[in-house]
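Peer 1: Use the sequences and the hints to build the structure in full.
Protein chains in written order, with this note's numbering: chain X, 234 to 403; chain Z, 234 to 403; chain C, 234 to 403; chain H, 234 to 403.
All clues stand as given, with none of them false.
Computed cross-link-like contacts, DSBU-like style, restricted to lysine-lysine with a CA-CA straight-line distance of at most 30 Å:
1) 307/X with 317/Z
2) 317/C with 307/H
3) 317/H with 307/H
4) 307/C with 317/C
5) 307/H with 382/H
6) 317/Z with 382/X
7) 317/X with 307/C
8) 317/H with 382/Z
9) 307/Z with 307/H
10) 307/X with 307/C
11) 317/H with 382/H
12) 382/Z with 317/Z
13) 382/H with 382/X
14) 307/Z with 317/Z
15) 307/Z with 317/H
16) 307/C with 382/C
17) 307/H with 307/C
18) 307/Z with 307/X
19) 382/C with 317/X
20) 382/X with 382/Z
21) 382/C with 382/H
22) 382/X with 382/C
23) 382/H with 317/C
24) 382/Z with 382/C
25) 382/H with 382/Z
Here are the computed distance ranges between Cβ atoms for each label pair:
26) 288/H with 332/Z: 50 to 60 Å
27) 374/H with 403/Z: 17 to 27 Å
28) 401/Z with 266/H: 36 to 46 Å
29) 402/C with 237/H: 45 to 55 Å
Keep in mind that the hints were calculated from the coordinates and are not lab data.
Computed from a predicted structure; not experimentally measured.
No residue lacks a Cβ here, since even glycine has one placed at the ideal position from N, Cα and C.
Protein chains: 4
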Amino acid sequence: MDFRERAQAVRLLILDVDGVLTDGRVWVGPDGQEWVAFNRRDGEGIPRVRQCGVEVAFVTGESPPTPAERRAEKLRVRLFPGVKDKADWLEAIVREYSVGRLRPLALAEVAYMGDDEADAGAMALVGFSIAPADAHLSARQVAHWVTAKRGGRGAVREVCDLLCEARAAG
Amino acid sequence: MDFRERAQAVRLLILDVDGVLTDGRVWVGPDGQEWVAFNRRDGEGIPRVRQCGVEVAFVTGESPPTPAERRAEKLRVRLFPGVKDKADWLEAIVREYSVGRLRPLALAEVAYMGDDEADAGAMALVGFSIAPADAHLSARQVAHWVTAKRGGRGAVREVCDLLCEARAAG
Amino acid sequence: MDFRERAQAVRLLILDVDGVLTDGRVWVGPDGQEWVAFNRRDGEGIPRVRQCGVEVAFVTGESPPTPAERRAEKLRVRLFPGVKDKADWLEAIVREYSVGRLRPLALAEVAYMGDDEADAGAMALVGFSIAPADAHLSARQVAHWVTAKRGGRGAVREVCDLLCEARAAG
Amino acid sequence: MDFRERAQAVRLLILDVDGVLTDGRVWVGPDGQEWVAFNRRDGEGIPRVRQCGVEVAFVTGESPPTPAERRAEKLRVRLFPGVKDKADWLEAIVREYSVGRLRPLALAEVAYMGDDEADAGAMALVGFSIAPADAHLSARQVAHWVTAKRGGRGAVREVCDLLCEARAAG
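Peer 2: Next comes the structure, spelled out in C-alpha cells:
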C-alpha cells in the first residue's frame, strides 16, 4: 500500500516528543533542570491537521515535570507522559479513543511518528508509521515513510501537511 | 519588475519574528518559559538599514510576554504582538504610517519578510515580499525574493544590506 | 587488529563529557551559569550497552557543580569530575575497577572516547580509543575508530550500538 | 607577505566576542536576559596560545553585564566591554600594552579576529587580521586569513593552533 493511501486513512496522529518534536537534545543546567527546543513551524501544523479532521496526541517516556507538558498545554494537545512500553500503551489508547464514538478507532487509522528503538514496537502496529530524517536506524527501518526534514526542524509540520493533502486528495 | 527595483522603493521593512529573526525554534523549560535565539549580525543590520532611510517594524502572532519584546526594546524597533491576521493588520498599519507624512505610505513601498502560511496573505499585498531560505513552501511561493541565508542565521542582515545597496544604486 | 575485535574485548567504556556527550558548546548567562546540551538518543544507549555487559563511566576536567553531574545521576553513571591529567587518572581507575573482581580489568578491555588534546594521552593507553567525527585533530589522530556522528549528536549512541553488535557477533 | 609570516610575528591576539567566540546568536528570555554559546575547544586553545608566548584579550561592543564577562573571568582573559569604535580602541590598547615593556608592542605584532563591519576598521590596522568562515563579507574582505571553522564552532581554536605552529616553525 502506498504511503499516501496510508495517510488518507489517519484519524489519530501520535507524536513521540524527544527526537520528533525536538532534535533529541536536552539542555541541562547545574541544577539539573532540562530544557528542550520545539519548533514554531511544527506548532503551526498542529491546529492545521486538526482542522483536516485528525486528532493529535503526544507521548513520551519522560516523567513530569517536563517541557513537553507546557508545550502540550500551549498547543492544547493531550500528552501521555512516563510511557515506558509504547506498544502496550498504544493498544490501550486505541481502545480508549474508541469509547463513545460512532465508529471505533482502528490501528489502521493511527499514525505514529517515532525516532528510536523504544518507538519501533508501536510503529510496527499502526497503519502509518513515520520517522524523521535523522531518526535512529531502528525507527527508520520500520517506518512506512521517512520525512525529508529532521526532528525538531520541521519534520512534524511535514507530516501535518501530508495528512491534510492526502485527505484533500482522498 | 526586478527585485532590485522593488527593493529601491522600500520605506518600511516589516519583519515577522519566529522563523525570520529566529530559526523558528523555541526553547522551553519545565515551567513553560520560552526562549528564542536572535542573531547579533541581524541586530547590526537594523540601525544600518534605518540610516539608509528605511523604517523597521516587528510583527508576531505571539502574545506578551515574549523574548521578541525585549529584543525590540534593545534594538529600538516597534513590535506589534498578538497579530492573528497579518494581512488585515498590514492594511491598518500602512494607513497609520501615512498619518502626518508629506507623502502617504503605499503598499508598494512596504517590504514584508515572513516564513510561513500565516504570512502569505500579507506577503501577497506588499511591493517587496521576502522569505528566508528555509521558509515554509507557502511563504517561498509568494516571495519576490528568497534570501541565501536561513532565518535567525543572517537572513535579516542580508535584507538590510540589499535595501541599502539598492538605495545607493538608485 | 580490526576495530571490531577491539570493540569485542571492551568491559568498561569511558566517555569524556564536553565534545563527546555534548557538541563542545557551553551556554553561558550573565551570572556565569553554564548549560550544555546532551542527547536523548545517546542517553538511550547507556542502559543498552550496560545490558550488553559493558560498564560506563564519565570523566571531565570541569569541576562541580556541572550539568554533567546531573546527567550522570539521571543515567546512573559514575562521573569523575575535575580530572586534569586523564592518562594518570585512567591508570588509577583501571586498578580500582579491578579490586574484588574475578578477573582484573586490563587496559586492553577499556574503551575511551575523547575529542581533544587533553584526551590523547589516555586514548593512547587503552585497547579501543574512539573520537567523534568532529573531534580535534589531536584526538582523531590517536583514535582506533572515528564515529560517523558528531559529539552530542549521536556519536555516543553509535559507540554503544557498535559495542553491543561486536559482543553479539563475538 | 604570507599569512604564516604574519602569524609568526604575533604577540597579542585580540578576539571579538559575538560571531567569533560565539556563532553570533543570542538566546533571549521573556525577561530580556541574554545567553550566548561559547565552545570548550576554543577555551582549551586560550591557555595553549599563551604558553606559546601570545597574550589574549577579548573585545565587545556589548555593555556589562554580559556572558562574555564570565567567560573572560573563567579563562582569565582581559575583556574590554562597551567598545563602540574598535579602531580607536585598538590604537589606545597597543599604546597601553607597550608601557613598561622592553620592546613596545607594534600593530604589526597584533592579530585581530572579527566577524562584522564594526571590526573591519581595526582589522585593517593590524599585522594579522582573521575572520571566521561564516563572517560577514565586510570582515572577510579585509582578513589576511579566513578560518575553515565557523565562529563559536572552533574558529578560535584554529587560530590558537596556527599561532603556536607558526612560532614553533619560526
